[in-house]
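J.: Spelled out from the first residue to the last, the chains are:
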Amino acid sequence: MGKRLGMEVAVAVAEAVGLCNIDMAAVYPITPQSHIAEHLSDLVADGKIDAEFVTVESEHSAMSAVIGASGTGARSYTATSSQGLMLMHELLPIASAMRLPITMAIANRAVSGPLNILNDHSDIMPQRDAGWIAVFAENGQEAIDLSIQAFKIAEHKDVMLPVCVNIDGFQLTHMVEPLEMPTQEEVNQFLPPFVPHATLHPAKPVTMGAFAMSDYFTEIMKAKDEAVKNSKKVILDVWNEWGKLFGRSYKPVETYKADDADILMLTMGSMGETAQMAVDELRDRGVKAGLVKLRLWRPFPFPEIKAAVKNAKKLIVTDRAVSFGGPGGPVFSEIKSALFADTRRPAIYNYIIGLGGRDVAVNEFAGMFEKVLADTGNVAADTYEFWGVRE
Amino acid sequence: MTLKSWKELPIGCVVSEPGSASEYHTGSWRAQRPIWNNDKCIKCGICYVFCPEGCVQQSEDGFFKANMDYCKGCGICAHECWPRAITIVEEG
Ligand code: SF4
Ligand code: SF4
Chain A
1 MGKRLGMEVA VAVAEAVGLC NIDMAAVYPI TPQSHIAEHL SDLVADGKID AEFVTVESEH
61 SAMSAVIGAS GTGARSYTAT SSQGLMLMHE LLPIASAMRL PITMAIANRA VSGPLNILND
121 HSDIMPQRDA GWIAVFAENG QEAIDLSIQA FKIAEHKDVM LPVCVNIDGF QLTHMVEPLE
181 MPTQEEVNQF LPPFVPHATL HPAKPVTMGA FAMSDYFTEI MKAKDEAVKN SKKVILDVWN
241 EWGKLFGRSY KPVETYKADD ADILMLTMGS MGETAQMAVD ELRDRGVKAG LVKLRLWRPF
301 PFPEIKAAVK NAKKLIVTDR AVSFGGPGGP VFSEIKSALF ADTRRPAIYN YIIGLGGRDV
361 AVNEFAGMFE KVLADTGNVA ADTYEFWGVR E
Chain B
392 MTLKSWKELP IGCVVSEPGS ASEYHTGSWR AQRPIWNNDK CIKCGICYVF CPEGCVQQSE
452 DGFFKANMDY CKGCGICAHE CWPRAITIVE EG
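Protein sequences, first through last, are from chains A and B. Taking my numbering, the leading residue of the first sequence gets 1, the next gets one more, and so forth. Taking my numbering, the leading residue of the second sequence gets 392, the next gets one more, and so forth.
One or more of the hints may lead you astray.
Subject to a maximum C-alpha distance of 25 angstroms in a straight line, what follows is the list of computed SDA-like cross-link-like pairs (lysine to any residue) [what the hints assert, rightly or not]: (1) B:Lys-395 to A:Val-379; (2) A:Lys-204 to B:Ser-411; (3) A:Lys-224 to A:Pro-196; (4) A:Lys-313 to A:Val-379; (5) A:Lys-222 to B:Ala-422; (6) A:Lys-222 to B:Lys-463; (7) A:Lys-3 to A:Pro-178; (8) A:Lys-222 to B:Phe-454; (9) B:Lys-395 to A:Val-228; (10) A:Lys-224 to B:Thr-478; (11) B:Lys-463 to B:Ile-402; (12) B:Lys-463 to A:Thr-207; (13) B:Lys-398 to A:Lys-313.
Keep in mind that the hints were calculated from the coordinates and are not lab data.
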């Protein structure tokens, strides 16, 4: 068991990745980035890890470089944020179609415009259909653990897909927290060497990323969809193993005081900890409130979500991104569609919160619970509202 | 060529047989075809060089012709042949 140290989360994520025997990292150090990139470059420059650090001229090039490197069989890593992720967007579906087990940290930040750079989820939401496995961390310890687990999940022979670990920008990446870093021996024991499904090598020529016409495109999309869905089994196995080794368990959907709750709130990412305090406050006042935290965004955990909310009368889904002119926040519309066919489901409310780094305090989460409880006729169910917007 | 089901696709659609693109007959795209008039041909080989499919071949007599399994009928050979030995005619 590693020591417990006070560390900035972004630096700790870079340290954790440094324990994972990566062969290369390619990152572009534009604002908004995080200290993940900076500290990784330090680790390489100081000779602490034996990896190639490729400095590239854009995030588009960073993703292109990790795709190329992963194709040669190198364990490849990158980190990005906000506009950088938007610039990578074009390449994300290519990485997953080529089944390259790249791992990436995303320090979630608002997408311009206006230029903002503070925390929300508007960068990751447009990447939803890129065919990447996507997980969310709630605190620094989870950011470390998920970053190490990501390699094992991505590279498993039954997965072979890229994984992105979402870590709220600033709220998590720039915080100093007491963190437990696994030792090198523990990581070595947990993480087997990367065995690629194919490699680019002159001795055995192959073509990766070839052209496909309408006669094959549908079959290729179907195969990719099945691959993403099937990855869940491996994700669960890896999380079980992690729980046994390190005593910290991970689930696709985690709950807090949810079993007997009449009213539930659903969060994704770091705001779960604040919402949890609001749940405690409401419980003190005799309200049966509870919390559901969605950790696994893709593949979407349908049975776990259904099980978590089945007894509640009301469910508040919080979103940290906007689907302009759409059915509500992106998480809300997915939850709603997941529960659509169930005859017994809670009335679902949607609050869009914490955009562009706006703070949402405990009393505001309590306020959301109160507002929804006051709506006894479920009049505002199935609608969305920008929480705290100035009228 | 029988088409594979989604279950039979190699992981990541990696193509492991070098040269397997030749199994794909681009000639099926053709709406026009090149006709060589060897009376005008001076055997310069320009058509051979410019054909984007690489399907123009030289015969033993030194004249050129296209492998119609792959000729897409793009007309580049006719455009580049300066003695005007190649004409493009409608297919069918
Ligand atoms: S380009 Fe024209 S002249 Fe030259 S080899 Fe071809 S057909 Fe003959
Ligand atoms: S028409 Fe186009 S594809 Fe056909 S032989 Fe001429 S250059 Fe080649």
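J.: For this structure, which hints from the list above don't hold up?
T.: 1, 5, 6, 8, 10, 11 and 13
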